[in-house]
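Chains as they are written, first to last, in the working numbering: chain A, 218 to 515; chain B, 463 to 712.
A portion of the hints provided could be inaccurate.
[To be verified] Okay, the calculated beta carbon distance ranges per label pair:
(1) 279/A <-> 618/B: 34 to 40 Å
(2) 668/B <-> 248/A: 32 to 38 Å
(3) 304/A <-> 645/B: 26 to 32 Å
(4) 248/A <-> 706/B: 46 to 52 Å
By construction, these hints were calculated from the structure, which means they are not laboratory data. The beta-carbon is built from N, C-alpha and C at its ideal position, and this holds for glycine as well.
So the chains spell out like this:
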Amino acid sequence: MTRSPRALTGQRPIPVTAGIGLRPAHYDRVMRERPAVAWFEVHAENHMTAGHLATSLQDIAADYPLSLHAVGLSLGSTSCADDSHLSRFRALVNMLRPVLVSDHLSWSAVDGVHLPDLLPLPYSEEALGVIVRNIHTVQDRLRRRLYVENPSRYMPVPNSTMSEGEFLSEVVLRTGCGILLDVNNLYVTAVNMGASPLATLDDFLFRISPADIAEIHLAGHTSVPLRSGGSLLVDHHGGDVCAEVWAIFEAAIAHLGPVATVVEWDTHLPSFDALQAQAASVQSVLSLARKARHVGVG
Amino acid sequence: MSGLVEYQRQWIAALLGLPGTDFELAAHPAIEIHRRTVLSALTNALALSFPTVEKLTGPEYFEQLVREFARRCPPRTAVLYDYGAELPDFLASFPGAGGYPYFRDMARFDWLVDQTGHSAPDRWSDVQAIPGYGSLRLPTSLTCARFDHAVDLIRDAVECEHEAGLAGLDVRANPRWLVFWRTSAGTSVKALSGTAWHLLNDLAGGLGGTSALERAMRVCGTARAVHAFALEILRSSFARFTHEIPASDE
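Put together the whole structure using the sequences plus the hints.
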C-alpha cells in the first residue's frame, strides 16, 4: 500500500526543543512577561467558545509556536465525525495557526453521546478501518497532517489482533498522519498489561519511522487502588515524571534523536517557574542527544 | 451489527450505569477508573458552570445530581462549556430539591452568567434610531431574563460567604428582571424595573426603537416608559447612546 503524500514530508513541524504545557492559570503571566519559551502546548476544547480564554490564547499565539492538543475528535468512534464540532475545531485551528495538531488513538462518542474520557479501541481490522476513515476526514477538513497519540490503557481489550505499535504503524501508513509519542502512557499501559515498558518501546520504534514522530509527551502517573483489590497506574498528569518514565524517554531519544518534548500537567498545576525548570531538565536530555549525534555516538 | 458499534455502545452504558449494560464489562475493575474520570470531569465542568448551585447544595449532593443528570441527559458535545442547559429543569425535580423552590431559578441564573461569559466581547448590534432621543447600540451578548426569585442577590451573598447576608436573604417568590451582558471583565448583571426590562427586551429582540417605545408607553403609560428608557437604559453601562439620529436610506 502506498503512503499518502503527507507521510513523505518527514519534516518535523515544531521546534525540536522542550516546550511547556500552557494552562489558563498561567496565561496572564505569559501575556505580561513574554518569557523565553520555545513553544507551548495548549488544549483545544478549552478555547472553542468566544470567551476570554480564546482571546488570551490568540494573543499568545502571535508570539509563540503552539502545539494544539485535542481530546474531543473521537478518532476511533464508529459514528462518523461530528460535523459541527469539526467546523468549530477548524475555526480554532485557523485562528491560532498552530504548528502541530494532535488527538488520541481512542474514542469518546457513539450515537451522539460524548463522554469526557479517552476510551480504549480494540486493535483490530475493523477498528483500523474506522480510525483510518476518521483521520482522513479530519485531515481533509483541516488541510493538514494530524498527529495521533498513544493512549493509556487499564484493561486488555477483546478482539485485538495487533500490538499497539503494529496498529499505529498501519494507521500512519494508510493515512499519512504523524505520531505524538506519549512515553508516560506507554509506560502506564505496559505496566497495567503486565508487559515490559522497554520491550513495548522497542516494538514502537521498530515499527514507526522516526520521521513520523514529531512530539513526545512526558507526565506523572499515580497508583490507584481498586475496590476489587489490586491497583492500576493512572496517568493523572498531576505529579512529577518518575525515574522509570525518564529512563524510557532517554531510551527513546537515544534512538530517535532530539524530538520536541513537553511535560503535561493538568492537575495540581505547579508554578510557571517550576514548569520552566522542568522544561530545562527535558532540554538537557535533548541537547545531550544532539551532541551525541554530532560526534557520531549512538 | 458491527461488533465495534456494539462494543462502544456497551461501554457508554457501563460508564453511565444504563439499563442493559453488559455485566462482565461493567464488573471489570478498570471500568471503575474510567467511571471516576467521566464523573470527575462532568462534576468539575458543571461546578464551573453552576458555581452558586454547587455552593448551595454542597459537593456531595452536587456530585449525586451530576451522576443522575449524566444518565438522563448525557453530554452530546466534546466541549463541556456547552453542557448543562437542561440542568435547571432537571434540578427542579431532583429528590431533595423540592424544599428549595429557588434552586431552578438559581441554576438558570448561573447558566446565563456562564454562557454570556463565553460570548464574544466588544460586539455591538446595528444602530437603532430612537426618535426624539438619538441612536442606540446594544451588546450582541445582551440577554434579558425574568426570574421568580432574587437570584442575583442570592449569588452575591453566597460569593461573599457572608453569614448574616445569607441569613437575611429573601428567597420568597418575587419577580426579578435581570439583564446579562459580556464585558472584557466577564459577565455583568443588572436588575431593572419591569417596564425597563420589557422595553429593553423588545429593543434587543429587534423590534425597532419607535415600536418598542410606543409599546412600552401603551402598556405602562408614557411617563413610566420614558422614565425607564431615559434613566435605566440610556444611562446604563450596557448601552451605547448618542444624540445623533442615523441617516435613513432614501
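Hint numbers contradicted by this structure: Structure breaks hint 4 only.
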